[in-house]
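**Student:** Those protein sequence lines, which keep their order, are chains U and P. Residue 230 is where the first sequence starts when you use the working numbering, and the numbers rise one by one after that. Residue 230 is where the second sequence starts when you use the working numbering, and the numbers rise one by one after that.
Derived from the structure by calculation, the hints contain no laboratory data. Be careful, since some hints might not be right.
The list cannot tell twin chains apart, which means a pair is met if one copy fits it or any two copies do.
Keeping only pairs whose Cα atoms sit at most 30 Å apart, straight-line, the calculated DSBU-like set for lysine-lysine is [unchecked claim]:
id	residue 1	residue 2
1	K582	K299
2	K351	K556
3	K397	K497
4	K497	K351
5	K299	K434
6	K554	K259
7	K554	K564
8	K398	K493
9	K398	K564
10	K397	K564
11	K398	K434
12	K497	K398
13	K397	K493
14	K582	K351
15	K610	K493
16	K474	K556
17	K299	K542
18	K259	K564
19	K582	K493
20	K259	K397
21	K582	K398
Residues per chain are reported as follows:
2 protein chains.
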Amino acid sequence: MKRIMTLAACCLMSLGCMAQQQLGQRPRVKSPVINADGSVTFNLYAPSAQRVSVNGDFEEIRGKRLDMTKQENGVWTVTTEPLNPELYSYSLTVDGQRFIDPGNSYVNRDISTLSNIFIVTKSTGDKGHLYSVNDVPHGTLSRVWYDSPTLGQQRRMTVYLPAAYDGKKSFPVMYLLHGHGGDETAWGDLGRASQIMDNLIAEGKCVPMIVVMPNGNPTCNAAPGWWHEGMYTPDGNAFRDRGAKASMEESFMDIVNYVDSHYKTIAKRSGRAVTGLSMGGGHTFGISRMYPETFDYYGLQSAAAGIPRDRTKFDEQMARLFGSKPKLYWIAIGKEDFLMQGNTQLRQYLDSKSYPYEYYENDGGHIWRNWRIYLTMFAQKIFK
Amino acid sequence: MKRIMTLAACCLMSLGCMAQQQLGQRPRVKSPVINADGSVTFNLYAPSAQRVSVNGDFEEIRGKRLDMTKQENGVWTVTTEPLNPELYSYSLTVDGQRFIDPGNSYVNRDISTLSNIFIVTKSTGDKGHLYSVNDVPHGTLSRVWYDSPTLGQQRRMTVYLPAAYDGKKSFPVMYLLHGHGGDETAWGDLGRASQIMDNLIAEGKCVPMIVVMPNGNPTCNAAPGWWHEGMYTPDGNAFRDRGAKASMEESFMDIVNYVDSHYKTIAKRSGRAVTGLSMGGGHTFGISRMYPETFDYYGLQSAAAGIPRDRTKFDEQMARLFGSKPKLYWIAIGKEDFLMQGNTQLRQYLDSKSYPYEYYENDGGHIWRNWRIYLTMFAQKIFK
Numbered sequence: 230m231k232r233i234m235t236l237a238a239c240c241l242m243s244l245g246c247m248a249q250q251q252l253g254q255r256p257r258v259k260s261p262v263i264n265a266d267g268s269v270t271f272n273l274y275a276p277s278a279q280r281v282s283v284n285g286d287f288e289e290i291r292g293k294r295l296d297m298t299k300q301e302n303g304v305w306t307v308t309t310e311p312l313n314p315e316l317y318s319y320s321l322t323v324d325g326q327r328f329i330d331p332g333n334s335y336v337n338r339d340i341s342t343l344s345n346i347f348i349v350t351k352s353t354g355d356k357g358h359l360y361s362v363n364d365v366p367h368g369t370l371s372r373v374w375y376d377s378p379t380l381g382q383q384r385r386m387t388v389y390l391p392a393a394y395d396g397k398k399s400f401p402v403m404y405l406l407h408g409h410g411g412d413e414t415a416w417g418d419l420g421r422a423s424q425i426m427d428n429l430i431a432e433g434k435c436v437p438m439i440v441v442m443p444n445g446n447p448t449c450n451a452a453p454g455w456w457h458e459g460m461y462t463p464d465g466n467a468f469r470d471r472g473a474k475a476s477m478e479e480s481f482m483d484i485v486n487y488v489d490s491h492y493k494t495i496a497k498r499s500g501r502a503v504t505g506l507s508m509g510g511g512h513t514f515g516i517s518r519m520y521p522e523t524f525d526y527y528g529l530q531s532a533a534a535g536i537p538r539d540r541t542k543f544d545e546q547m548a549r550l551f552g553s554k555p556k557l558y559w560i561a562i563g564k565e566d567f568l569m570q571g572n573t574q575l576r577q578y579l580d581s582k583s584y585p586y587e588y589y590e591n592d593g594g595h596i597w598r599n600w601r602i603y604l605t606m607f608a609q610k611i612f613k
Numbered sequence: 230m231k232r233i234m235t236l237a238a239c240c241l242m243s244l245g246c247m248a249q250q251q252l253g254q255r256p257r258v259k260s261p262v263i264n265a266d267g268s269v270t271f272n273l274y275a276p277s278a279q280r281v282s283v284n285g286d287f288e289e290i291r292g293k294r295l296d297m298t299k300q301e302n303g304v305w306t307v308t309t310e311p312l313n314p315e316l317y318s319y320s321l322t323v324d325g326q327r328f329i330d331p332g333n334s335y336v337n338r339d340i341s342t343l344s345n346i347f348i349v350t351k352s353t354g355d356k357g358h359l360y361s362v363n364d365v366p367h368g369t370l371s372r373v374w375y376d377s378p379t380l381g382q383q384r385r386m387t388v389y390l391p392a393a394y395d396g397k398k399s400f401p402v403m404y405l406l407h408g409h410g411g412d413e414t415a416w417g418d419l420g421r422a423s424q425i426m427d428n429l430i431a432e433g434k435c436v437p438m439i440v441v442m443p444n445g446n447p448t449c450n451a452a453p454g455w456w457h458e459g460m461y462t463p464d465g466n467a468f469r470d471r472g473a474k475a476s477m478e479e480s481f482m483d484i485v486n487y488v489d490s491h492y493k494t495i496a497k498r499s500g501r502a503v504t505g506l507s508m509g510g511g512h513t514f515g516i517s518r519m520y521p522e523t524f525d526y527y528g529l530q531s532a533a534a535g536i537p538r539d540r541t542k543f544d545e546q547m548a549r550l551f552g553s554k555p556k557l558y559w560i561a562i563g564k565e566d567f568l569m570q571g572n573t574q575l576r577q578y579l580d581s582k583s584y585p586y587e588y589y590e591n592d593g594g595h596i597w598r599n600w601r602i603y604l605t606m607f608a609q610k611i612f613k
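Produce the complete structure using the sequences and hints provided.
**Tutor:** So this is what it looks like as structure tokens:
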């Protein structure tokens, strides 16, 4: 047995060397380094570059490039001010070309753009901690293919089952919708949905629930690279001219029916919530009018929603919706969001009719930083 | 409603512009471009770079960098010879620093190294087609957390359920094990396991089956970034000194028990196969000796396997294993694999005892290109 172990050890070392050789001629520098005070140091080996900078969604240095300084060994470096607890994304620009940081294995894709990510966390309960994978029970994340009779397609959705899901007990369902350019992977990757849900459930801050994240593009079956169009360059509009058989809203009950027939759900209004960001907020708005007695909880996040000029049908829909007394109609948006005007008109309309809703406004614009906050808030408001 | 649509259209355009602005000052060039003859053109905008090259696993130019040529507009370019149908991975080297191609949204991670991928396919039935997502019924891929009593951990495995899985009919299970530095995502990402299985099943070349891809590192609960150690830089050895409570082989029945109790499986020997690559081939070898009547099909792919010096217990285990008459004991390895010697010794041992096994030897070494072939072959040999 010892000989096998020695052989195995040799194999492992050889594999390690092979992997090392694949990295190029130079030893890698460590990047990013998250320092004890929450500042972050970025390093890149690029001895012949003329200008290297970090471009990140650091609130503290927003709108500014963070120029890196070249050291004698050819490594460019820069350290940020201390950053607040948060999930950050960034890229490097080397002489005008954007690259991801070769020192960082962790990336997210937004439409066609890959960015590196890292998390700053200081204490239990801060946003960095909430977005991290902690030592708590974890839910299962599945990429599920389902039939949509309305769209005439096999389509993909992401399903989060809470750790307590055992196939016997029934759970409520939150339908969580992505925005333009997104897909069924967006809320899990950019939105940290499974980490947020794991942590909120473990802390007893929200009830265990199933979270369903469908693909909201009726002209795509699934995320780029995961359906038969191949490895195209995503641009969010590539398939808009194909002509969908129906809209997302019109085909939405295919998803609800699939979920109710394949999982142990509380298959009635009190066990259903729907929320989405931007385009998905618009979908939520449409779904709330089309199926007014199907869901008890609605969340419009930075929603692409507005009041139509011809209001006849709209007025009827809204009257029926609020006549059915949903338990929550929640509108959330950032002060700088470019969709503020439509949301303001919607709130004025609701006020004029004395329809009850909750409103949350915070800093910032049309960004994932806000949508993670809205998910965290909405999840704690529902099924209680 | 028209006004809502107009508003929505404006929102979408604004979002598109925002995404565009994030890309940097220069328009992106398209890269890679797969040409009709199977050659591939790579392009990178890097006006002040001195030397830019492509490093890929192109069999045709193996061991050579493919130097790119700078054009007047600052875009470096190179076109390969026509490539055979295959999934290829590559990176770019700019003045000595390895980067992934900013034009390509598709990446795989191998240990800590991200590489871009693309597929060349010429006709139905070639390897490129087999590794692509085609317009066929798709199985569901789940990242499942399960309890391992033996390791005292909540751990993660990837489970592929075939499209025909409906929770009523029972299916056989292939356990598919990764190598050193890998994790429960390796076979799905680098090995294209779900595409291979979808396509083989759709073509009637293998029976519909469940495929279970566990994490084979007893000191890690899950893939990097997916457990509570945070976003560390993976190196395959980082957690080796922590001291696992048991080995992968010793804890393996926790996985089988979980799968049999949570899915509709053919929970007996004739419905179970186990196969793995490199370290996972070693695990398969160990599992075949520890649980000789649990599986009917074994596949050792480029296995880290050998004969121990003290053979007393080993001889007993092997006699019991082959006395139980498994339906398949398959050994596959490439001519240039650095583990050939141990595999040759194992085959000599099996020959000396007249133990029946099948052997497949092909070109190449210890590479994913071969492991995708071995999975494709093994899947067609089992449960028939």
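**Student:** Against each hint, give a clear statement of whether it holds in the structure.
**Tutor:** Evaluated hints:
1. K582 - K299: This pair counts as neither: shortest intra-copy Cα distance 62 Å, inter-copy 65 Å.
2. K351 - K556: Result: close neither inside a copy nor across copies, 36 Å intra and 56 Å inter.
3. K397 - K497: Both, since 17 Å and 25 Å are each at most 30 Å.
4. K497 - K351: Classified as neither; 41 Å inside a copy, 50 Å across copies.
5. K299 - K434: neither (47 Å within a copy, 57 Å between copies)
6. K554 - K259: For K554 and K259, neither the intra-copy (55 Å) nor the inter-copy (52 Å) Cα distance is at most 30 Å.
7. K554 - K564: within (28 Å within a copy, 71 Å between copies)
8. K398 - K493: both (7 Å within a copy, 18 Å between copies)
9. K398 - K564: Classified as neither; 41 Å inside a copy, 53 Å across copies.
10. K397 - K564: neither (44 Å within a copy, 51 Å between copies)
11. K398 - K434: within (20 Å within a copy, 38 Å between copies)
12. K497 - K398: Both ways: K497 and K398 sit 15 Å apart in one copy and 28 Å across, limit 30 Å.
13. K397 - K493: This pair counts as both: shortest intra-copy Cα distance 7 Å, inter-copy 15 Å.
14. K582 - K351: Close neither inside one copy (45 Å) nor across copies (61 Å); limit 30 Å.
15. K610 - K493: within (22 Å within a copy, 36 Å between copies)
16. K474 - K556: neither (32 Å within a copy, 49 Å between copies)
17. K299 - K542: Classified as neither; 63 Å inside a copy, 60 Å across copies.
18. K259 - K564: neither (37 Å within a copy, 37 Å between copies)
19. K582 - K493: Neither: 38 Å inside a chain and 53 Å across chains, both beyond 30 Å.
20. K259 - K397: Neither: 47 Å inside a chain and 50 Å across chains, both beyond 30 Å.
21. K582 - K398: Close neither inside one copy (40 Å) nor across copies (53 Å); limit 30 Å.
Hint compliance for this structure: hints 1, 2, 4, 5, 6, 9, 10, 14, 16, 17, 18, 19, 20, 21 are not met, and every other hint is.
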